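Whole structure, please, built from the sequences with the hints as guidance.
Chains as they are written, first to last, in my numbering: chain A, 197 to 433; chain B, 197 to 433; chain C, 197 to 433; chain D, 197 to 433.
Derived by calculation from the structure, the hints in this document are not laboratory data.
Owing to the predicted nature of the structure, the values given are computational and were not obtained by experimental measurement.
Possibly wrong hints are sitting among the right ones.
As the list claims (entries may be wrong) - Listed next, the in silico BS3-like pairs over lysine-lysine satisfying Cα-Cα at most 25 Å (straight line):
1) D:Lys389 <-> D:Lys431
2) D:Lys209 <-> C:Lys433
3) C:Lys389 <-> D:Lys410
4) B:Lys209 <-> A:Lys369
5) C:Lys305 <-> D:Lys333
6) C:Lys369 <-> D:Lys229
7) C:Lys389 <-> B:Lys410
8) D:Lys282 <-> D:Lys305
9) B:Lys305 <-> B:Lys330
10) A:Lys335 <-> A:Lys368
11) B:Lys282 <-> A:Lys282
12) B:Lys433 <-> A:Lys199
13) C:Lys369 <-> D:Lys209
14) B:Lys335 <-> B:Lys305
15) B:Lys269 <-> B:Lys305
16) B:Lys333 <-> B:Lys257
17) B:Lys389 <-> A:Lys204
18) C:Lys369 <-> C:Lys389
19) D:Lys257 <-> D:Lys333
20) C:Lys257 <-> D:Lys369
21) A:Lys410 <-> C:Lys410
22) C:Lys257 <-> D:Lys368
23) C:Lys330 <-> C:Lys368
24) D:Lys369 <-> C:Lys224
25) C:Lys362 <-> C:Lys335
26) B:Lys199 <-> A:Lys365
27) C:Lys330 <-> C:Lys212
28) A:Lys229 <-> A:Lys260
29) D:Lys224 <-> C:Lys369
30) A:Lys199 <-> A:Lys330
4 protein chains.
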Amino acid sequence: MIKILLSKEGIIKIPKRGDIQTHLGIIKREVFKKAHVGQIITTHLGEPVLVTAPSYEDFIKLMKRGPQILTLKDIGEIIVFTNINKSSRVLDIGTGAGTFSIIISKIAKLVVSYDVREDYLALAKENAKILGAKNIKFKLGEIEEKEEYFDTAVMDVPDPNRLIGKAIKSVKKGGYVCVYLPSISQVSDIASKLGPPYHVMQTIKINWIVDPNKNILRPENMQLFHTGFLLIKRKIK
Amino acid sequence: MIKILLSKEGIIKIPKRGDIQTHLGIIKREVFKKAHVGQIITTHLGEPVLVTAPSYEDFIKLMKRGPQILTLKDIGEIIVFTNINKSSRVLDIGTGAGTFSIIISKIAKLVVSYDVREDYLALAKENAKILGAKNIKFKLGEIEEKEEYFDTAVMDVPDPNRLIGKAIKSVKKGGYVCVYLPSISQVSDIASKLGPPYHVMQTIKINWIVDPNKNILRPENMQLFHTGFLLIKRKIK
Amino acid sequence: MIKILLSKEGIIKIPKRGDIQTHLGIIKREVFKKAHVGQIITTHLGEPVLVTAPSYEDFIKLMKRGPQILTLKDIGEIIVFTNINKSSRVLDIGTGAGTFSIIISKIAKLVVSYDVREDYLALAKENAKILGAKNIKFKLGEIEEKEEYFDTAVMDVPDPNRLIGKAIKSVKKGGYVCVYLPSISQVSDIASKLGPPYHVMQTIKINWIVDPNKNILRPENMQLFHTGFLLIKRKIK
Amino acid sequence: MIKILLSKEGIIKIPKRGDIQTHLGIIKREVFKKAHVGQIITTHLGEPVLVTAPSYEDFIKLMKRGPQILTLKDIGEIIVFTNINKSSRVLDIGTGAGTFSIIISKIAKLVVSYDVREDYLALAKENAKILGAKNIKFKLGEIEEKEEYFDTAVMDVPDPNRLIGKAIKSVKKGGYVCVYLPSISQVSDIASKLGPPYHVMQTIKINWIVDPNKNILRPENMQLFHTGFLLIKRKIK
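Now the structure itself:
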């Protein structure tokens, strides 16, 4: 896992080489290099900044972007509604920039992550270094896995209809398959293929502006309202 | 962890003693007792049912209820926005029925869970058996912890104002404190005490009814719209 | 328009005959009968109650129910997004219990309201008396109207596909057709038939519990989240 | 009321003088001037465009902007929940750019509209010409009205606490006062002053993208989630 520098205002950008210029003053590169996680170091102006390990939120800010990523709010819902825990083996179909695989690897025992695009896998491997994710197996191509090996499979691909059968096969009885889709009509298509029961949900995260001194207490005006729908199917037999 | 019986329609109730009556036929108690997780057993009518370990969702259905519990959707958001992972030490202030502590114990390294009510702790310990949660230390009373020991502290208590200072002390630099509150006015009160920056959010989970054969594709009419607000504060210094 | 009796707690039920029993005391029927709108009359215990004309909200509470009704929130959106004003001629396709026609008749110049069910029309006529709605023509059967006569046409019928062509014909150039549908798949079907442009929306009314003395400031937990979707098409040529 | 030019793509901008250039070709100014509402005229390329009267939506697009305006969705809710109809006398406290007064004047019998800023009143009068609103009395200063004269009073001012008493006085028994406020803490302040009962709501309009040919059926990603809260108080005595 990399080290980051944090001030009250957020992540401080670390240049490729040379000393670190911040809005609070300069930090010698050597000082940052030697500092351990959790240490407070001071700028040349005596201002304290924190050396720490990146959180999920930091990771989302630091990662290199490529294709559309799963948002943290949706990853949170997938974790709890597909039972991801530290003994889970998780299959990620559609690695993309690696967001889901990398975050889940910090929770689950093992993540196997497939993509048909080599450039996406390269991007995801680069991003995995940020969180020091070691328990991910990135694989090029379409899923080809042992039957009933995974506890949870998550699909974020343009056409899940073609691969949904394989996804279900790869999951243990009692396990979960989750399909993430932007359009509810796509959910309907795949639901029609799978047959009931399934659980379809949409989650909305509303950010609030809270400024007690100014008597401001309201949601932000514009919000990221829609990301995608989740269809969750539990495998019984 | 206990074993449960699952049919397509959901969890089958297991009586305290004697054979198991289901809508698909009878299962001998001995057969269920000997079955391993992931095994399909058949009723006297030849119908298959699955023996499996309970998921988080199953746990919510099986647990004994007492005080108002944190919902799965909120637990999902807390996990991702306070960076809970398998190396986390998590402090739970306000055990209640144990929902949060027990689910988080399946993800984090250690959970320390405080409540001032002995009856709640007894209830939570009982509920912990369902998921076989072993890495929780339940403690009676108010928090009294080493400074900067936890990665994340979560508070779900009637009056967080009194304990928020201790919660922040107990968390490592770079760690998170999350306060769960039903009223946004309570959020404003605690935000006023803490000072910026903080992150306040509300999450809504919308369930959809998807029945392609009947051309039904719509949200459920009545929804659990509001549970609580989350105030998240990151400790920098 | 009928007269109603209002206390701080809401509408007081008026019996078919005899004196009016309220939680604030008894009111002589004669007294109520002679009272004019806006008058305060007193119960035998000296408690004041208000004689008034029913508002839209009162109407919704007083009307006789039959089929599912359009909610006030949706009627509000239809008014503003289809430009209903006091010079409007409005066509209501699918009278049902009459909610939409009756409320709109208090705003528009004329409402023509069609239903294929005689019992619904009878119900709607009964309900129209509550608000004293006189400018509604209730008609049995399917729409059969002059071309380009209406400013706005609103459809709330099980299968709008069959009648949408007639609805559009009956509306003036520059006017609006609005289709109310429970399922978004139905919206998609009719959008496919109409072709773009159209405007599709869903409105959510969130009720808040505000009790400053108890520091309660939060949305109600359970909310009527979903009623229907509105598809609005403006006629250009 | 002014005339506007409408193509399938929306309102065509009319220059102050000279012929009208559109993406569909040129229209002679004389032709537009002589055309009546509802008439189709053709560009020099033979393309048809519609001459029509502006709807509420057109008005919102055409009006000159100044201070923050009430949105159509909120105006729709105010109409239905405060019982505005063609016999209503409505008091608008805080004219601003005139949006609310002007739209309501097309529904109500009379609107009296107050603002303390002369520039806002000038702006509102200018905007009133677009819809040809004649039944609005614009007044400079603070409200000073006959008691119990209005059916509905609506306040959209920075500090409603000072004027709420006058607003309630000016409304008939059985009538409504509605306060529009951006922050729920402001709602709580005024609710505390008024005392129960009152009705507090927030409405959200969700726009959907419906493109059946591309199998797209989803809410827009970013939405205008929050505008303001409505507190509605009915006057009983």
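Hint check results:
With a C-alpha separation of about 14 Å, the suggested pairing of Lys389 (chain D) with Lys431 (chain D) holds against the 25 Å cut-off. A threshold of 25 Å between alpha carbons decides the hint, and for Lys209 (chain D) with Lys433 (chain C) the separation of about 19 Å falls inside it, so the pair holds. Restraint check for Lys389 (chain C) and Lys410 (chain D): satisfied, since their Cα atoms lie roughly 14 Å apart, inside the 25 Å limit. Taken as a hint, the Lys209 (chain B) and Lys369 (chain A) pair is honoured in the structure, with Cα atoms around 19 Å apart against an allowance of 25 Å.
Restraint check for Lys305 (chain C) and Lys333 (chain D): the C-alpha separation of about 23 Å stays at or below 25 Å, so the hint holds. Using a Cα cut-off of 25 Å, the hinted pair Lys369 (chain C) and Lys229 (chain D) holds, with the two alpha carbons roughly 18 Å apart. For the hint pairing Lys389 (chain C) with Lys410 (chain B), the CA-to-CA distance comes to about 19 Å; that is within 25 Å, so the pair holds. For the given pair, Lys282 (chain D) sits about 5 Å from Lys305 (chain D) by alpha-carbon distance, which is consistent with the 25 Å threshold.
Of the pairs offered as hints, the one joining Lys305 (chain B) and Lys330 (chain B) holds, with about 10 Å between alpha carbons and a cut-off of 25 Å not exceeded. With a CA separation close to 20 Å, the supplied pair Lys335 (chain A) and Lys368 (chain A) stays within the 25 Å bound. With a C-alpha separation of about 6 Å, the suggested pairing of Lys282 (chain B) with Lys282 (chain A) holds against the 25 Å cut-off. In summary, the hint linking Lys433 (chain B) to Lys199 (chain A) is supported, as the alpha carbons are separated by about 16 Å, within the 25 Å threshold.
The suggested pairing of Lys369 (chain C) with Lys209 (chain D) holds, with an alpha-carbon distance near 19 Å, which does not exceed 25 Å. Only pairs whose Cα atoms come within 25 Å are accepted, and Lys335 (chain B) paired with Lys305 (chain B) is accepted, the gap being roughly 17 Å. Restraint check for Lys269 (chain B) and Lys305 (chain B): the C-alpha separation of about 21 Å stays at or below 25 Å, so the hint holds. Among the hinted pairs, Lys333 (chain B) with Lys257 (chain B) is consistent with the structure: their alpha-carbon atoms are about 23 Å apart, no more than 25 Å.
Of the supplied pair hints, the one linking Lys389 (chain B) and Lys204 (chain A) holds, its CA atoms being roughly 17 Å apart against a limit of 25 Å. A C-alpha spacing of about 19 Å is found between Lys369 (chain C) and Lys389 (chain C), which places the hinted pair at or below 25 Å, so the restraint holds. Using a Cα cut-off of 25 Å, the hinted pair Lys257 (chain D) and Lys333 (chain D) holds, with the two alpha carbons roughly 23 Å apart. Between the alpha carbons of Lys257 (chain C) and Lys369 (chain D) the distance comes to roughly 19 Å, so the proposed pair stays at or under 25 Å and holds.
In summary, the hint linking Lys410 (chain A) to Lys410 (chain C) is supported, as the alpha carbons are separated by about 22 Å, within the 25 Å threshold. Of the supplied pair hints, the one linking Lys257 (chain C) and Lys368 (chain D) holds, its CA atoms being roughly 21 Å apart against a limit of 25 Å. Between the alpha carbons of Lys330 (chain C) and Lys368 (chain C) the distance comes to roughly 24 Å, so the proposed pair stays at or under 25 Å and holds. Between Lys369 (chain D) and Lys224 (chain C) the CA atoms are separated by roughly 21 Å; this keeps the pair inside 25 Å, and the hint holds.
Simply put, Lys362 (chain C) and Lys335 (chain C) have alpha-carbon atoms about 15 Å apart, close enough for the 25 Å limit, and the pair holds. A hinted pair counts as satisfied when its Cα atoms are at most 25 Å apart, and Lys199 (chain B) with Lys365 (chain A) qualifies at roughly 23 Å. Proximity of Lys330 (chain C) to Lys212 (chain C) is assessed by CA-CA distance (about 24 Å); at most 25 Å being required, the pair is judged to hold. As the CA atoms of Lys229 (chain A) and Lys260 (chain A) are separated by approximately 22 Å, the hinted pair is consistent with the 25 Å bound.
Only pairs whose Cα atoms come within 25 Å are accepted, and Lys224 (chain D) paired with Lys369 (chain C) is accepted, the gap being roughly 21 Å. Our distance criterion of 25 Å between C-alpha atoms is met by Lys199 (chain A) and Lys330 (chain A), whose separation comes to about 16 Å.
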